[in-house]
Amino acid sequence: MTMDRRQFLTATAAIAGASMLPFSVGAADNIKFGSIMDTSGGFDAYGKPMDMAMRLAIDEINANGGLNGSQIDINAYDTQSDMALYTQYAQQLTRQDEVDVVHGGILSASREAIRQIMRKSKTLYFYNVLYEGGVCDRNIFINGVTPAQQVEVLIPYAMKKAGKKVYVLAADYNYGQITAKWIEKYIADNGGETVAVDFFPLDVSDFGSTIAKIQAADPDLIVASLVGGAHLSFFRQWAAAGMNKKIPMASTTLGVGNEHKVLTAEEGDGIMVAYNYSQELETPENIAFKKKWADAYGDANSIHEIAVSHYQGILTWAEGVRQAGSTNRDDVLSALETGISITGPGGVVTVDPKTHHAVLDVHIMEFEGQKMKVIETFTQRQPIDTQAVCDLAANPDDNTQYEIKF
Amino acid sequence: MDLAAVIVVETVYVIASLVLISAGLAIVFGMMKVINLAHGEFMMMGGYAAITAVNLGINIYVAILVIAPLVVGVIGLIVERLVIRHLYGRLVDTMLATWGLSLFFVGIVTMIFGNTTTGISTPIAGITVGNYQINGYNFFIIVVTILLVLAIYLVLKSTRLGLIARGTMQRSDMASALGYSPDRIYMATFFVGSAVSGLAGAVLAPLVGLGPSSGGAYIAKAFITVIAGGPSVIAGLISSGTVFGIVNQFFTFAMSPVIGEVALLVCAVILLRLLPQGITARFFKGKM
Amino acid sequence: MREITLQRFTLSIIIAAALMLFLPVIMNTFVLTPLLIYGMLGMSLGLIWGFGGILCFGQAAFFGLGAYAYAISAINIGESTIPMLIAVMVPAIFAAVLGAMMFYGRLGDVYLGVITLVVTLIFFKFMNSTAGPDYVIGTARLGGFNGIPGFQTLNIPGLPDDYIYGDSLYYVTFVLLVVAYWLVNWLLQSPFGRVAVAIRENEQRVSLMGYDIRARKTILFAIGGAIAGLAGALFANWAEIVTPGLFSLSQTAEIIIWCIVGGLGTRLGPILGAAGLAYLKFLLGQQAFIDNTIIMGLILVLFVLFLPKGLIPAIESVWKLSVGKRRRCHPSRRRKGRAITNG
Chain A
1 MTMDRRQFLT
11 ATAAIAGASM
21 LPFSVGAADN
31 IKFGSIMDTS
41 GGFDAYGKPM
51 DMAMRLAIDE
61 INANGGLNGS
71 QIDINAYDTQ
81 SDMALYTQYA
91 QQLTRQDEVD
101 VVHGGILSAS
111 REAIRQIMRK
121 SKTLYFYNVL
131 YEGGVCDRNI
141 FINGVTPAQQ
151 VEVLIPYAMK
161 KAGKKVYVLA
171 ADYNYGQITA
181 KWIEKYIADN
191 GGETVAVDFF
201 PLDVSDFGST
211 IAKIQAADPD
221 LIVASLVGGA
231 HLSFFRQWAA
241 AGMNKKIPMA
251 STTLGVGNEH
261 KVLTAEEGDG
271 IMVAYNYSQE
281 LETPENIAFK
291 KKWADAYGDA
301 NSIHEIAVSH
311 YQGILTWAEG
321 VRQAGSTNRD
331 DVLSALETGI
341 SITGPGGVVT
351 VDPKTHHAVL
361 DVHIMEFEGQ
371 KMKVIETFTQ
381 RQPIDTQAVC
391 DLAANPDDNT
401 QYEIKF
Chain B
1 MDLAAVIVVE
11 TVYVIASLVL
21 ISAGLAIVFG
31 MMKVINLAHG
41 EFMMMGGYAA
51 ITAVNLGINI
61 YVAILVIAPL
71 VVGVIGLIVE
81 RLVIRHLYGR
91 LVDTMLATWG
101 LSLFFVGIVT
111 MIFGNTTTGI
121 STPIAGITVG
131 NYQINGYNFF
141 IIVVTILLVL
151 AIYLVLKSTR
161 LGLIARGTMQ
171 RSDMASALGY
181 SPDRIYMATF
191 FVGSAVSGLA
201 GAVLAPLVGL
211 GPSSGGAYIA
221 KAFITVIAGG
231 PSVIAGLISS
241 GTVFGIVNQF
251 FTFAMSPVIG
261 EVALLVCAVI
271 LLRLLPQGIT
281 ARFFKGKM
Chain C
1 MREITLQRFT
11 LSIIIAAALM
21 LFLPVIMNTF
31 VLTPLLIYGM
41 LGMSLGLIWG
51 FGGILCFGQA
61 AFFGLGAYAY
71 AISAINIGES
81 TIPMLIAVMV
91 PAIFAAVLGA
101 MMFYGRLGDV
111 YLGVITLVVT
121 LIFFKFMNST
131 AGPDYVIGTA
141 RLGGFNGIPG
151 FQTLNIPGLP
161 DDYIYGDSLY
171 YVTFVLLVVA
181 YWLVNWLLQS
191 PFGRVAVAIR
201 ENEQRVSLMG
211 YDIRARKTIL
221 FAIGGAIAGL
231 AGALFANWAE
241 IVTPGLFSLS
251 QTAEIIIWCI
261 VGGLGTRLGP
271 ILGAAGLAYL
281 KFLLGQQAFI
291 DNTIIMGLIL
301 VLFVLFLPKG
311 LIPAIESVWK
321 LSVGKRRRCH
331 PSRRRKGRAI
341 TNG
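Protein chains in written order, with this note's numbering: chain A, 1 to 406; chain B, 1 to 288; chain C, 1 to 343.
Label pairs and their in silico Cβ distance ranges:
{"hint": "1", "chain 1": "C", "residue 1": "Val-97", "chain 2": "A", "residue 2": "Ala-296", "range": "51 to 59 Å"}
{"hint": "2", "chain 1": "C", "residue 1": "Leu-11", "chain 2": "A", "residue 2": "Tyr-297", "range": "54 to 62 Å"}
{"hint": "3", "chain 1": "C", "residue 1": "Ser-250", "chain 2": "B", "residue 2": "Phe-139", "range": "30 to 38 Å"}
{"hint": "4", "chain 1": "C", "residue 1": "Glu-79", "chain 2": "A", "residue 2": "Arg-329", "range": "28 to 36 Å"}
{"hint": "5", "chain 1": "B", "residue 1": "Asn-131", "chain 2": "C", "residue 2": "Gly-132", "range": "26 to 34 Å"}
{"hint": "6", "chain 1": "A", "residue 1": "Lys-160", "chain 2": "C", "residue 2": "Gly-132", "range": "26 to 34 Å"}
{"hint": "7", "chain 1": "A", "residue 1": "Asn-328", "chain 2": "B", "residue 2": "Met-255", "range": "50 to 58 Å"}
{"hint": "8", "chain 1": "A", "residue 1": "Lys-160", "chain 2": "C", "residue 2": "Gly-138", "range": "39 to 47 Å"}
{"hint": "9", "chain 1": "C", "residue 1": "Leu-280", "chain 2": "A", "residue 2": "Ser-341", "range": "41 to 49 Å"}
{"hint": "10", "chain 1": "A", "residue 1": "Glu-403", "chain 2": "B", "residue 2": "Tyr-88", "range": "53 to 61 Å"}
{"hint": "11", "chain 1": "C", "residue 1": "Asp-134", "chain 2": "B", "residue 2": "Gly-130", "range": "32 to 40 Å"}
{"hint": "12", "chain 1": "B", "residue 1": "Asn-131", "chain 2": "C", "residue 2": "Leu-280", "range": "52 to 60 Å"}
Stretch-level coverage of chain B by chain C, calculated; a stretch enters the list once three of its residues show a Cβ under 8 Å from a Cβ in chain C:
{"hint": "13", "region": "77-89"}
{"hint": "14", "region": "94-107"}
{"hint": "15", "region": "258-270"}
Calculated directly from the structure, the hints in this document are not laboratory data.
Heads up, the beta-carbon is just placed ideally off N, CA and C, and yes, glycines get one too.
Go ahead and model the full structure; you've got the sequences and the hints to work with.
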């Protein structure tokens, strides 16, 4: 180790130069696609298939000649299920990589962490996940199912089957808190009674006392809006106590991360859900999609609701870029606001110009033998919860997440 | 009335699970004055060992009670030989090294099994008490814990091995002068401690969604229970487990699970401030 | 003696200034800023652990407390100057109270570790469960798991619309780090600092000499808390969000690893350890080939086993060894070397 100062400086300069290379080299006219998601950590059951869906969509577009003749480059960041990393990587995507569009965010917490950064830097942002509704911001497009599309059909169906006394369990963050209010509203609208609402932080995994409390309240139906790996324990412990045979359950989240395949058939059977997608859909689009997925990744088992939602979001954006003829944010925004429609594995998805949410199909399903069996289909449901409070055509500068007053 | 019975069962179950998750750590700490911060990961690996064995078609009880402790015991043995034995007598350094090991194991398990939640279903059906259903598996955990505590007590109290082990822990120079190799005895103790951690992880696996970072949920509680218990292994475990279990369940039923957890932690701080050497330094002195 | 200190002071200011201007050339300031913030956080633990002998598993609590105190007061006040002061004061006062409770109870090493760890966990659990609309301080919702986004970030004092962000935040952070470093340096050279080191070496002896150990440890602990709080406030400004993750076990673990790797009992070690490892983590985070916890874990184990004193002391001793050898082998260089010292 007898490197003198000059040698050291040369070496440092060389390393510095080399490390800057990746930023300066690379075709300038390619479209830069930013992706920001948890592909490791506690929420990777959601994120990994979303990442796979994203790569599938981009590869497909690139193989067909790109968008308006330009290939798409992916800048992907793994946020490791850490909400603080979202702002960090979002700043990087917007300031350093200067991407044309950002798709990503899984938990509502992550969306709210980066939404303002995207807005400030005028980077078009797509959030493609089922969520609690109410976001009103012209810079964001949301492709997931909202409570008015999902809860409004799920609750009456479940109550008709089970009864009027309902016990609500929800994850303790913005998604759970707001969704729980929607659930209470629809229970009341259908003449039912909410016995209790319990919130659980995302790291709670021991539900023994909760199960005892639920039994003390003796409800006819449980509605669970629980999120993430730790909360999966609830369904296990619920079944272990033999409760799954006694009190029926509906959920607004279970299954979007393929939880029905992690739980055994014994534990999962009979749980009622409502989403835009099920692997069991027999549409030609879905069959083709499952084949494409299997060709790329071996088998189609890992496809889930929000991966499909993400895929459809990317197709929507791509269609917007095609119609705008450029990736300029304002052009793409105006193109999307004409009410673009695409047909994805989950059916027709149309952009609602007033709210930047999506009009889409919702199916009521039940878990059966680790599958989601489609019971009833509601076509082209409007996001009326957000439509009631948000009109971006009239107030393009609106920038709030409206919460339900109940 | 039925609810009272349910609450009593839940409380006993929480005490038992606290004792169970702390036992491995307590053996290693009480006997060797080594704090193994990778304890939570040992439990997590016990859980994975059991799940893997069950998925390979092995009987669930064999997987939980035999395979998991063996696998984790062997891992513990390797860890002891490679890392811990160089650090005996350096309490803080062992804490740091085992903390590093815990991160390492989380990473390794993530690479092997993926960072997703897995699990097996419980082998015992629910039990009906009046109008209530109780998780039957809770009773299994309570029984396993009682047997485990009895076994540790008997081994230490009435076998020659236990006598030698206790002797070595108190005066290793004397023991080696008498012809017993302290090195071997430390090794064996660490093996047993790790195996008990593995057992605890496997026993709890059917109740929780298991992921590579599940260990973190256990280590803090186990750490607090053992330190608050103080120098005596068994009396310490039982006394602090009981105090924390009752406090936790009281606040859980009265308010919410989160308040229950926070109450447990606040109680630990108060307890340590009042009895800085642990409960058994003041009460039950000289017991095991 | 005085002249040498002044000389060294000037020299280090020049080096710091040069570094401050040079680093942005090779790296994005957005990446650099958190490295500096972590450096400051590492320094705070380095002070109380390396020089005070207090093993604190809860440095993350002061860091998080500083960040939350800043975010909450910034939302309520709408200007950043007072919130910055609050963000330093709140963790300092909290550390003083906690420290007094522990040190006046004469708790030993391990018990100290447990209590600080437990306090961190309490913050983590509590903050995680505050998503409901009832948890409001002034106009700031605590937000639970979501954390608090969208607060007023650092601005030029008195001008709430002139934000300090991006490059300017980097320069401000750098200057604050240098100032904090010099304050720590000054503190360690003062009689207070020397007694603190003496307490680390032999508590009983110092106590028998008539010093009030409990009060001194409490004050040192509070100073460490204040620096960690400042780092937290800067972090909040950089990330533009505060989340309960700031209080997490892994955050606490990392701070300890930085100190061990950099070198305990050195002033620069924890800063360099923090910045270096944080950068390594950042690089590892951009690849998916190997899980970065494996690397972090291995680094900690290997350092405890083979380099328990850390990098800086190891480099120092290698340096001394090689310089010594060279002096013996090359008498000509020796003269040269002396000439430089004289000049």
